[in-house]
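Chemist: Residue numbers (numbering that gives the first Met the number 0), protein chains in the order written: chain E, 0 to 456; chain U, 0 to 456.
Hint data in this document are derived by calculation from the structure and do not stem from the laboratory. Just so you know, not all the hints are guaranteed correct.
[To be verified] Covered stretches of chain U, as calculated for chain E (at least 3 residues, CB under 8 Å):
hint, stretch
1, 8 to 18
2, 100 to 112
3, 146 to 157
4, 407 to 414
[Claimed, not checked] Computed footprint of chain U on chain E; a stretch qualifies when at least three of its residues, placed anywhere within it, have a C-beta under 8 Å from a C-beta of chain U:
hint, stretch
5, 23 to 34
6, 55 to 65
7, 149 to 159
8, 212 to 220
9, 276 to 287
10, 310 to 318
[As the list claims (entries may be wrong)] Here's a subset of chain E near chain U, in silico, CB distances under 8 Å, partners left out:
hint, residue
11, I38
12, A42
13, N45
14, F328
On a predicted model such as this, the values are computed, not experimentally measured, just so you know. By construction, the Cβ of each residue, glycine as well, lies at the ideal position given by its N, Cα and C atoms.
There are 2 protein chains.
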Amino acid sequence: MKPSIPKGTRDFSPAEMQRRNKIFDAIRKVFLFHGFQQIETPAMENLETLMGKYGEEGDKLIYKIRSNKDLRKKHPKLNDDYPYFIPEKSDKALRYDLTVPFARFVVMHQNEIAFPFRRFQIQPVWRADNPQRGRYREFYQCDADIIGSDSLLNEVELIQMIDEVFSELKLEVTINLNNRKVLYGIAEKLGMKERLIDFSIVIDKLEKIGFDKVVEEVKKEGLPVEMEAAFRNLFQDWNRRDSFDERKIQLREFLKDSEIGLTGLEELQFIFAAKELLMLSYMSTLEFDASLARGLNYYTGAIIEVKANSVQIGSVCGGGRYDDLTGIFGLPDVSGVGISFGVDRIYDVMEELKLFDALQTEQLSTQILFVNFGEKEEIHCLKLVTELRNKGIAAELYPDRDKIKKQMSYADSRKIPFVAFIGEEEMKSGKVKLKDMKTGEEYMKNFEQVAEHIRKK
Amino acid sequence: MKPSIPKGTRDFSPAEMQRRNKIFDAIRKVFLFHGFQQIETPAMENLETLMGKYGEEGDKLIYKIRSNKDLRKKHPKLNDDYPYFIPEKSDKALRYDLTVPFARFVVMHQNEIAFPFRRFQIQPVWRADNPQRGRYREFYQCDADIIGSDSLLNEVELIQMIDEVFSELKLEVTINLNNRKVLYGIAEKLGMKERLIDFSIVIDKLEKIGFDKVVEEVKKEGLPVEMEAAFRNLFQDWNRRDSFDERKIQLREFLKDSEIGLTGLEELQFIFAAKELLMLSYMSTLEFDASLARGLNYYTGAIIEVKANSVQIGSVCGGGRYDDLTGIFGLPDVSGVGISFGVDRIYDVMEELKLFDALQTEQLSTQILFVNFGEKEEIHCLKLVTELRNKGIAAELYPDRDKIKKQMSYADSRKIPFVAFIGEEEMKSGKVKLKDMKTGEEYMKNFEQVAEHIRKK
């Protein structure tokens, strides 16, 4: 039997884990620094907690878990009638994202929580999607949300945090910002407010299929003929990347009778005005994109999407404001806003741009390997290794009495910087022959000097 | 709808996460310090990778995942015949432990790995077990294994690591040690070697059901009448806790014609002799327990089990040597030895013994909260908060224009040590009114002094 793993899932090697941990550490550091508090929820939720929360398509992508109650006994004929079929009910499923479990958490623990609640959560999620580049069936989400506050200062802070994370990772990104209320206002003015969701889905495809096809599709969705010119005028240069201040003038005119649309514009105005105070690093640019909708129709205010500047792979971070996420679980009128980092995509982008080498590795690992020469020597070395460890030096004794060549190649592939040789003579003299694996140099040291020597290097 | 989570699973609040992270950090630190390298494997494995590896009972406890291929269409009559049944195949399952996925990993990646391979892995596992105290359906395992080496130095190092972890956590434990070969030798001499597994299972119950009942059970399993006296002699004072050196004399006599038994005794001898060199902390005691079997019949050499000294909750860590774990996946003759820490039980024990308070909290979190007085003030404070953050101080601005009382109670419940008040006057003067939340003291500071003041405290 040749072992394999399910399609769309991955093993992570030590080298990959070190790199992934750099990303997790950067995100966790920023979350903690901004006072977000970590929670964890179970991988398995009750099926009814998840079903119906992600639309019909989403429901199909939820991994259901078979109940371990064996119902077969009650229906002995089943196997004859339907071979291969599993006669069991299912009442649990793997979480599809971290947002719905978070909403469930807030409702269940509302009496223990001090609002506004800043929570973060870093856990894997599962989707029975078709695997492709940058899309996996098991992947991590790193979410930070502020719930129980409708102040726009929260949006401002989340944008700061996005900037800090990518600045820490030295990855250049564009933070695109929109507001669901502006989208609503535009749909309203175009005579399409009943079809807001479909309108948003079409608009969102601008980057993927281009302006001309979007015009066709939006006409199919019911754009009145007399509105086509207005639509073209708004979106033909959607990616012109001029500043919000310029766009604002055009939109304020267009949205002048739409109360909701104008509110959305004011909210954007607040965030872009605060941009000066944000002192964003040179790693990120904040831009307005009136076509940004992100498909998720639970967003009610800000919509945020972050893309890497030099790699085409979809978004590396996204988020927005939702006015009533916990309502479905019986706690209405709690407003929240959040962002979610996609570690797996960030990893792929950083790998492609070779950004990992530039980041410092500070991971604790073996500093010195003691070669194993045999029975007497290994007991002697065991003692020395323990002494070094007590001095805070990560030391390792090669466990087997293998050929020296094999032991050296182990040190090499593990990237251990020093190798110690202690034969009979060194045992007597209390000295150690050290090899510096980077330079290839070899020299003798008194054992007492070893810890200090390694620390210096 | 009142939300809930599946039986046997848990939400972790921020306070619980902080404590759990202390345990994870202690374990991770020791693993890294000893040169173990982290890997991760997918939560879902192919069903055939897991089935048949944990015995018949284990197979039943594996959570199977429904395929998302809908086979219903092919069998339209199914719903009428068998309502509530799920007409889908299952080819994936949630991992049951970290050992079998690790074996699968080693076989799949054998060409990229430098042996002996020291790997660690910290991930949740799932078991459809009956939940009870200390037993959950989702729980974390923290495993360290050395694979590709049959040196006993590995066992010695793993015992050192167990000691270091519990010493770091300030939890007093007893490390019980046995050897499968000794168990085999005893069974052989008692005329029960064909029934080694059943013999081990009975012996393992000594602590649970007591000596007299064990004698009864072992007789039922086929202990020859003439061997009862020998059996009683060996196990009646199994928990007398005398040293290995004393026990050794008795066992060497008893096992004198059993080659395997004597080999096991020599292996134990090597480890107990190295004990002097180990310099174990005063937090752990290493003891010999000839009755220790740990149920898992894949152990072939050392068997390790760690129990907390003052709380009865089962083992907090366990492990042993297995001579052929990867054979089932097509890579024979690779010997390994490993240990596994049970974070959830360690947590329960430390909670019961109130050990968390003694551990220092170093977690990064908000140091100062700026009270929100209104529109003008919040923009002013946003700038100051950003400046403080750039100086490395974790600062937070309360996002809403709520009553001061509510803002203060937020600071209180979040345990934020300083609160800053900046009203109209302070805006003009460049000063800040600070409140030290521990002492209740209030004083004025120039804004430039705030960062230094917080750092000093």
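Chemist: The hint names I38/E as touching chain U; please verify it with the least Cβ-Cβ distance against 8 Å.
Modeler: With Cβ-Cβ at 6 Å, under 8 Å, it holds.
Chemist: Please check whether the stretch 407 to 414 of chain U has three or more residues whose CB lies within less than 8 Å of a CB on chain E.
Modeler: Held - the stretch 407 to 414 of chain U has 4 residues with a Cβ nearer than 8 Å to chain E, which meets the minimum of three.
Chemist: Per the coverage rule (Cβ-Cβ under 8 Å, at least three residues), is the stretch 310 to 318 of chain E covered by chain U?
Modeler: violated (count 0)
Chemist: Checking C-beta pairs, does the stretch 100 to 112 of chain U have three or more residues closer than 8 Å to chain E?
Modeler: holds (count 6)
Chemist: Using C-beta distances, would you say chain U covers the stretch 212 to 220 of chain E, given that this needs three or more residues below 8 Å?
Modeler: Violated, because only 0 residues of the stretch 212 to 220 of chain E bring their Cβ atoms closer than 8 Å to Cβ atoms of chain U.
Chemist: Identify whether the interface hint at A42/E stands, where standing means a beta carbon of chain U within less than 8 Å of its own.
Modeler: Holds. Min distance 6 Å.
Chemist: With a cut-off of 8 Å, does the beta carbon of F328/E approach a beta carbon of chain U closely enough for the hint to hold?
Modeler: holds (5 Å)
Chemist: Count the residues of the stretch 23 to 34 of chain E whose Cβ falls closer than 8 Å to any Cβ of chain U, and tell me whether that reaches three.
Modeler: holds (count 5)
Chemist: Is the listed coverage of the stretch 149 to 159 of chain E by chain U valid when you require three or more residues with a beta carbon under 8 Å from a beta carbon of that chain?
Modeler: Our answer is that it holds, as 7 residues pass the Cβ test (under 8 Å) against chain U, meeting three.
Chemist: Is the interface hint for N45/E satisfied, with its Cβ closer than 8 Å to some Cβ of chain U?
Modeler: Holds - the Cβ of N45/E comes within 8 Å of chain U, reaching about 6 Å at its closest.
Chemist: For the stretch 55 to 65 of chain E, does the count of residues with a C-beta closer than 8 Å to a C-beta of chain U reach 3?
Modeler: holds (count 6)
Chemist: How about the stretch 146 to 157 of chain U: do at least three of its residues have a C-beta closer than 8 Å to a C-beta of chain E?
Modeler: holds (count 7)
In this structure, the earlier hints numbered 8, 10 are contradicted, and the remaining ones agree with it.
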